[in-house]
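Kindly generate the complete structure, drawing on both the sequences and the hints.
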Amino acid sequence: MRLSHPAETAEPTCQEGLAEALLAPERPAPKAVRTAHRFAVYRNNVVLSLIDALASTYPAVEALVGEEFFRAAAREFVLAHPPRSPILIEWGGDFPDWIAAFPPAAPVPYLGDVARLEWAWNRAYNAAEAAPIRIEHLAALPPELVAEATVRLHPSHAIVASRFPVVSLWAEATERAERSRLDLSEAETALIVRPDMGVDVRKIDAGTAAFLESLSVGGTIGEAAAAAGGDEGLLAERLAGLFQLGLAVGLSGGVSPTPIQP
Amino acid sequence: MKPPLTMLPERAGLPFKHSHWPEIEAAGGAVSWYEVHAENYMGAGGPPHRMLEALRALTPLSLHGVGLSIGGEGPLNRDHLERLRGLVERFQPASFSEHLAWSSHDDVYFNDLLPLPYNAETVARVADHIDETQDAVGMRMLLENPSSYVELEGADMEEVDFLVAVAERTGCGLLLDINNVYVSAVNQGFAPEDYLDRFPLHLVGEIHLAGHAVEVEADGGKLLIDSHDRRVDEAVWALFERTLRHTGPLPTLVEWDNDVPDFPVLLDEAALADRALDHAQDRAQDRAQDRARGHTVAAE
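Just so you know, the protein sequences line up as chains B and X, in that order.
First residue of the first sequence: 379, per this note's numbering; consecutive thereafter.
First residue of the second sequence: 171, per this note's numbering; consecutive thereafter.
Since the hints were derived computationally from the structure, they do not count as laboratory data.
Since the model is a prediction, treat every value here as computed from it, not as a measurement.
Any given hint might turn out to be false.
So the derived label-pair ranges between C-beta atoms look like this [stated by the list, open to error]:
| # | chain 1 | residue 1 | chain 2 | residue 2 | range |
| --- | --- | --- | --- | --- | --- |
| 1 | X | G308 | B | A509 | 27 to 33 Å |
| 2 | X | A454 | B | E389 | 40 to 46 Å |
| 3 | B | L560 | X | G244 | 48 to 54 Å |
| 4 | B | A414 | X | Q304 | 53 to 59 Å |
Footprint (simulated), chain B over chain X, 3 or more residues, beta carbon under 8 Å [unchecked claim]:
| # | region |
| --- | --- |
| 5 | 242-251 |
| 6 | 307-317 |
| 7 | 322-330 |
| 8 | 385-398 |
| 9 | 439-447 |
For glycine and all other residues, C-beta sits at the position ideal for the given N, C-alpha and C.
So, in structure tokens, the structure goes:
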């Protein structure tokens, strides 16, 4: 909670006056500024630098709506949700929900999901490091304990489920894939993970998403397999995928939860 | 004894842009040092940290903070100080610098270097914040002069006197941004040479150069914006050379933060700065030889 000023009518300090006016374009320049017309330079610097920061986190959204629309929308977002910390790589997580509910963007209903994917990408890029482990660790468990084992997933991983082809839209917008005629009714779910230098974004099926979501909240392999559905073969495939993609960074086997180092 | 103002080489340095990393790595130590914005390495991990580790093995680093809000009316952000301390410990920079400005208020971060009224009260507050910062990071810091666009009520000191007062109270060094001096001079209508003649050059541990944008105001007057998006202006190069005649060579960064060009363009700018630094070095040697000769003559 903020301490209130000694008296509500007290003159604001120099900094209070400037801070109140910087993100409020409708207000006059603060009294503390002797050269009032020049205050616009600071207002511009603040808003434009934050729009640039948002554009660097959301290049696919910008590509999908065009620079002019993006910057106009970003300006409104900046004024409503300015950063609360000087670490700008951690700012902008509110943007996907905001843009999804932004009325002028209503004709582009998949924008929020593409933004969610980009935020997950940004988080994965800057996430903590963890060394992936190899599937041999799982193979070393007694077979009867595999279903009881839990897998710790890489801290960079995220899943973005969409009723739109979110991975294809993102890949085409960022020129990672050739433009095509996308069927917008095709639902896609994205898996994002950065086990090493590069952020990996790929489509996964709903069963695999359920499998990973169960593991990520501490479910055992048996519970995750039940959540995902499918037969033994599919489970073996999903388990192999965990290790191939560098998603698994720890394994606790059955009764004795000893984490295994890479 | 005070620690030295800087451990950076007295050569040109460049800003570290991640998009340039493959070329920087391939160029090895071709550039004498790099400067990074501290806040870009305050995430939990990932490629930025790995690249900085690798860069650190190639050349000395200058850690340059842009978000501490040293001029803020409120207390310093303790979490931010702790993060800075962690970066200094991990990457062992040859220099740490921050700005004479504020950027946060009531938790809102404005991502800009905002102005302070220069007066005794502000000196006391900024000096306290610098003491706290130097204690936290465990090294002597350099404080950078800002570019300014407005005059503030309550200001009754010149910027140079303000910087001197803060440096005297805290023992910090100064980072002289010559582009900022030029931008402020044109915007406020003073001669940049007068400012530089009064500047305590013996406290300067690093120089910044950068490009600025030129706008024309409604009354036809010129307004310069510290945009860091183009080559260094001729007038700023001239002021740089003029300054080096008094200081001798100093670590000099050519900043470029917006519309970042291909790496070779930055190398060109660094080469220009290095040429001026070479001349300054030659002059310093000539002077030393003259002095040595003078002593010999006197001894005879």
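Okay, the hints, checked on the actual structure:
| no. | hint | result |
| --- | --- | --- |
| 1 | X:G308 <-> B:A509: 27 to 33 Å | holds (31 Å) |
| 2 | X:A454 <-> B:E389: 40 to 46 Å | violated (52 Å) |
| 3 | B:L560 <-> X:G244: 48 to 54 Å | holds (50 Å) |
| 4 | B:A414 <-> X:Q304: 53 to 59 Å | violated (36 Å) |
| 5 | 242-251 | holds (count 4) |
| 6 | 307-317 | violated (count 0) |
| 7 | 322-330 | holds (count 3) |
| 8 | 385-398 | holds (count 4) |
| 9 | 439-447 | violated (count 0) |
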